[in-house]
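**Q** With these hints in hand, go ahead and build the complete structure from the sequences.
Listed in order, the protein sequences are those of chains U and X.
Numbering of the first sequence is given in my numbering, commencing with residue 1 and proceeding in unit increments.
Numbering of the second sequence is given in my numbering, commencing with residue 1 and proceeding in unit increments.
These are calculated hints, taken from the structure and not from any lab test.
Glycine is no exception: its CB is placed at the ideal position from the N, C-alpha and C atoms.
You may find that some hints are simply not true.
Said to hold, decoys possible - Computed footprint of chain U on chain X, listed as stretches where at least three residues anywhere in the stretch have a Cβ under 8 Å from a Cβ of chain U:
id: 1; stretch: 22-32
id: 2; stretch: 140-150
id: 3; stretch: 383-396
id: 4; stretch: 491-504
id: 5; stretch: 534-548
Stated by the list, open to error - Taking lysine-lysine and the DSSO-like style, the derived pairs with C-alpha atoms no more than 27 Å apart in a straight line are:
id: 6; chain 1: X; residue 1: 567; chain 2: U; residue 2: 177
id: 7; chain 1: X; residue 1: 766; chain 2: X; residue 2: 737
id: 8; chain 1: U; residue 1: 36; chain 2: U; residue 2: 75
id: 9; chain 1: X; residue 1: 452; chain 2: X; residue 2: 403
id: 10; chain 1: X; residue 1: 567; chain 2: U; residue 2: 176
id: 11; chain 1: U; residue 1: 47; chain 2: U; residue 2: 31
id: 12; chain 1: U; residue 1: 238; chain 2: X; residue 2: 559
id: 13; chain 1: X; residue 1: 713; chain 2: X; residue 2: 766
id: 14; chain 1: U; residue 1: 336; chain 2: X; residue 2: 567
id: 15; chain 1: U; residue 1: 47; chain 2: U; residue 2: 29
id: 16; chain 1: U; residue 1: 298; chain 2: X; residue 2: 452
id: 17; chain 1: U; residue 1: 85; chain 2: U; residue 2: 29
id: 18; chain 1: X; residue 1: 770; chain 2: X; residue 2: 737
id: 19; chain 1: U; residue 1: 177; chain 2: X; residue 2: 559
id: 20; chain 1: X; residue 1: 403; chain 2: X; residue 2: 593
id: 21; chain 1: U; residue 1: 315; chain 2: U; residue 2: 238
id: 22; chain 1: U; residue 1: 65; chain 2: U; residue 2: 36
id: 23; chain 1: U; residue 1: 177; chain 2: U; residue 2: 298
id: 24; chain 1: U; residue 1: 336; chain 2: U; residue 2: 315
id: 25; chain 1: X; residue 1: 713; chain 2: X; residue 2: 677
id: 26; chain 1: U; residue 1: 65; chain 2: U; residue 2: 31
id: 27; chain 1: U; residue 1: 336; chain 2: X; residue 2: 593
id: 28; chain 1: U; residue 1: 176; chain 2: X; residue 2: 559
id: 29; chain 1: U; residue 1: 47; chain 2: U; residue 2: 36
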Amino acid sequence: MIEEIEEYLRDFEGELAQVLTRDDLNRVKGKYAGRKSRIPLFLERLKTLPLEERRIVGRRLNEVKVLIEERLREKEAELSRREQKREPVDFSLPGRRHPLGAFHPLRLVVDEIIAIFRSLGFRVEEGPEIETELYNFEALNIPADHPARDAQDSFYLGGGFLLRTHTSPAQIRVMKKLTPPFRVIVPGRCYRRDAFDATHSPVFHQVEGLVVAPGISMGDLKGTIEVFARRLFGERRKVRFRPSYFPFTEPSAEVDISCGICQGAGCRSCGGRGWLEIMGAGLVHPQVFRNVGYDPEKVQGFAFGMGVERIAMLKFGIPDIRWFFENDVAFLSAFKGLG
Amino acid sequence: MRVSYRILKRFLPELSLRPEEVAEVFMNQGFVMEEVLSARDLFCSPLLAGTLVEAHREGLLTRCTVKLGERTFRVLVHTSGVPETGSRVLVGFEDHTPSFLPVRGERAREILDFLLPLPPFLEEGDDVYEALIGDDVVFEVEVTANRGDCLSVLGLARELAAHCDIPLVFPEARYTEKPIHHGFRLENEAPHLCPLYTGRYVTAITVRPSPFWIAKELILMGMRPINNVVDITNLVMLEMGQPLHAFDAARIRGNLVRVREAEEGECLVTLDGEERMLRKGMLLIADADRPIALAGVMGGRDTEVGPETKEIFLEAAFFDRVSVRRTARALGMRTEASARFERGVDPLGVMRAASRALALLEEMGGEVASGWLVSGQPPFAVWEISVPWELVVQRLSCEVPQKEGIRILERLGFQVAQEGETLRVRVPSWRPDVREPIDVVEEVGRVYGYGKIRSSFPSFPFDPGNVPRGESLENRIRAHLAHRGLYEVVTLSLVEEESVNVLGFGGEERVVVLNPLSQEHAVLRPFLFPSLFEVVRTNARRGRRSRGFFEVGKVFFRKEGNFREEKRLGIILWNVPQPALWKEDPVDLFTLKGFLEEIGELAGTGCGAVCPGRVFPVFEEDGAFVASSPEGGAEPIGWGGKVLPAFLRRHDVEGEVYYLEIRLEGLAAWGQDLPAKDFVLPAFPAVSRDISVVVDASTPWAFVASLVAEEAKRSCMALEEFALFDVFSGDPLPPGKKGFAFRLVFRAPDRTLEDEEVGRWVQKLKESLKQTGRVVLREEMILSHE
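**A** Here's what the structure looks like:
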């Protein structure tokens, strides 16, 4: 008989688990706990058992009876809780929180450029913003009175010092400091005597790159820049090298990426050109190596320099360089959540 | 440099590329295409052939009647600009009004310089554009500083010849010499600045409008036609890259042409009518008495070729590029001629260009006197470079066939001799930029195509790529501040002088730009404050609101005569009364100090003592502080304060502004990497007790805090930490008093503390506080009240 009681309890548990409504509950209650349940029948049968057995089975029967009543009460409480809780929590209300600020888009871009090049084995160096004319020009194979200086009108500080017009003098500093082979980038601020307009600022930022090792070739330059450009702008972008001229590289190249909107076909956003210029690059000029005491027969190198503002403008679609330096909250808040 | 498709074709009869392909080739060979225009954009529309039917000469001016079908136009023209009566002349229309000029966008004038004659085969009323210009295309090509040779049709045509492997045809340069005596002499007193000077005498000149083809080509290449003689010198300059100058020979005094350096204070009125004050050492051309031209820059007005000119002295020279550049810059002039001399002209092309001009002058009726007037030699020495072919292939990372490379170099004008796997390359006179083997590599690569470079990756071992502590700390601080609701900004490091003055920063220590672009950007900032305050101002002006801004940037100053630059962190907080959307924490001096403490924790050391002190005069007297380094250095680590309301009012900024500047480099030197140690987690419970004390209002918390810390240490108490939780004043405290309430937490590493033991310690702390005579226990004070 004890097995029957246990089975009765199992059946009860099974059916109770299925209960979803008050009607279900009443049905289960009537079946297992009321006068019409099997409990009175068990009690009847109990009387027929021998005394010893009757005590054991009786105790168990009582336990089961109490347990069933308890479980039914619990279930009832659960149902009434569910019925009462008509209003759900309004999770559309704003959370209790601190407002977030944002990183500046120029710093976001520099941080990303640094991260990409670090992953390619480059180390990061810095150079001073107040430079000597010697490092800014002569050591880079740009003699005084050279027409190449026209594009780099400088702010002079006297005593042979100026505000660097590009990050390239850092090439000279890096080569004097390190021993090849090495891969380095140098992010930094530069100055040119250009009046403010939509595409010029007297203060701007560049990232310089320099790799020096025996046997470096244009292919190494191209391969590195391709990896970089695709990581920064997206895998679908194509990279194009065009010949150009910089006094401190030979051969020299301008690097373009295909327009993100038309993929090179030409559209309004790229002025119909299909390509957007992102940096100047080339193999390090032998004269630059000689200027720092390297033997251009033994080591070769490539260098590149990119304008951070230009890249940020391309990446985020910013039409005017002045916006970076005005720091209007309406502009800055657009970069929340980046970086 | 501007050039048209048809002009290029005059030099390259076999050119079969279409105009858009030509643009592509230029681009691929290193010439940025700034613009590709239809020739139609440059000329008036319509452009028709009229007939000059009547010309009444009235001295220097002539009244002309031009017939165009049913219509007749009366115009006043300079007499020298009037072709023969009965000839076809050009009638251009600008907005349906006849302008008689071919160029679009010129204003109609009352007196015309000339009527442009047209070839006689045109009928009156013919569309000149259709007949003589057609669908020509103009390329505006950017020429890099190393390629002076490409500031010419010849140079650009040579680039195409190399790409297409077709021959280059030089324009006609033959003329007949006549035995005419002229008596001109040449004196070159500055051969170091003018290694080669040549002159030719041409007589029987009639100054008139140029034939249409010359006028047309000048317009296509961006110059304006003036008269036949000047136009010829200009056209040849554009064709060959060699500037020429024609003097009116009759106005050169003493039949003498002298090349010499200017004396200080000499004057010359140049062609543009400006009087130029010359400085010593500028190179000029003079006659027996006076300067007549600025060598390589511009001619003088007095010897200009004009309507009366009958004979000319034609100059073709090689001037030193640095001298021309300096003179042009010093006088603020940049001419077509100076641009070419600055970049270097072809030393062997000087006389060839003169010959081309002589041939054209002869076509116009001029008679060329025999014999060159020459001073000096073309400054040219043969230059040969040995280039192992392996170098070309390796550096370019592409398998250029050697034959192809030789062909390219030869089409570019190089002479190539093959010696096994090495090329001996002789550089042409117009390419002084090619000096080393790598320059030859570039020439081959440029024309062969950068597109064929095979990508690779430099394969030496990777640098471990260690992030310096300063950089990582900077980035963690930036992230912290951005997450605390501040906007990062990037500002100009050049500021206005006045914005530095208000900070009381001394003149000697400033770094001043000697040639600023404007007064707004004249000084390098010695603090970040001026830049960050400007950000608040800009946003205030635009009605924006923000909690605040921060920037990591450099500041600049002089120390012991040397320039110094230092990396700083600036934080500016802006408390604007506004309808709050959510309950924000108040912003005050302690928000600022809170930032300082947080940054100290990020640096790994906490922050040092903060004492009252005003660094900027724009801070409130009693609302400013100086923070010292936790490691006790003499130099403060930062300073902050509340900006004077009067200063804010002056700049129309509402609300309150708080500012903090931290020397980031100093900070990065703090704290090092966490040393390895045996970690022990607390295993026994802590016991805490509160103490409340009353002191004079002038007593700082640090006084009480340091007493507690010292006593706990001296008496070996197991004091784990103690923290201030209240500062109170006013009733029931008497005026001039304030109270501190703080919590002490005791914990022993090895046992559970007994109440009694903790009680003894607390008592001991209380005693030692009382002993100073400056601290009263709050419970005792209230007792005495009651």
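**Q** None of the hints should be skipped; say for each whether it holds.
**A** Verification of the supplied hints:
no.	hint	in the structure
1	22-32	holds (count 5)
2	140-150	holds (count 4)
3	383-396	holds (count 3)
4	491-504	holds (count 4)
5	534-548	holds (count 8)
6	567(X) <-> 177(U)	21 Å, holds
7	766(X) <-> 737(X)	18 Å, holds
8	36(U) <-> 75(U)	20 Å, holds
9	452(X) <-> 403(X)	17 Å, holds
10	567(X) <-> 176(U)	23 Å, holds
11	47(U) <-> 31(U)	22 Å, holds
12	238(U) <-> 559(X)	49 Å, violated
13	713(X) <-> 766(X)	14 Å, holds
14	336(U) <-> 567(X)	25 Å, holds
15	47(U) <-> 29(U)	25 Å, holds
16	298(U) <-> 452(X)	26 Å, holds
17	85(U) <-> 29(U)	24 Å, holds
18	770(X) <-> 737(X)	15 Å, holds
19	177(U) <-> 559(X)	25 Å, holds
20	403(X) <-> 593(X)	74 Å, violated
21	315(U) <-> 238(U)	15 Å, holds
22	65(U) <-> 36(U)	14 Å, holds
23	177(U) <-> 298(U)	18 Å, holds
24	336(U) <-> 315(U)	16 Å, holds
25	713(X) <-> 677(X)	22 Å, holds
26	65(U) <-> 31(U)	13 Å, holds
27	336(U) <-> 593(X)	25 Å, holds
28	176(U) <-> 559(X)	25 Å, holds
29	47(U) <-> 36(U)	19 Å, holds
Going down the numbered hints, you'll see the structure goes against 12, 20, while the others check out.
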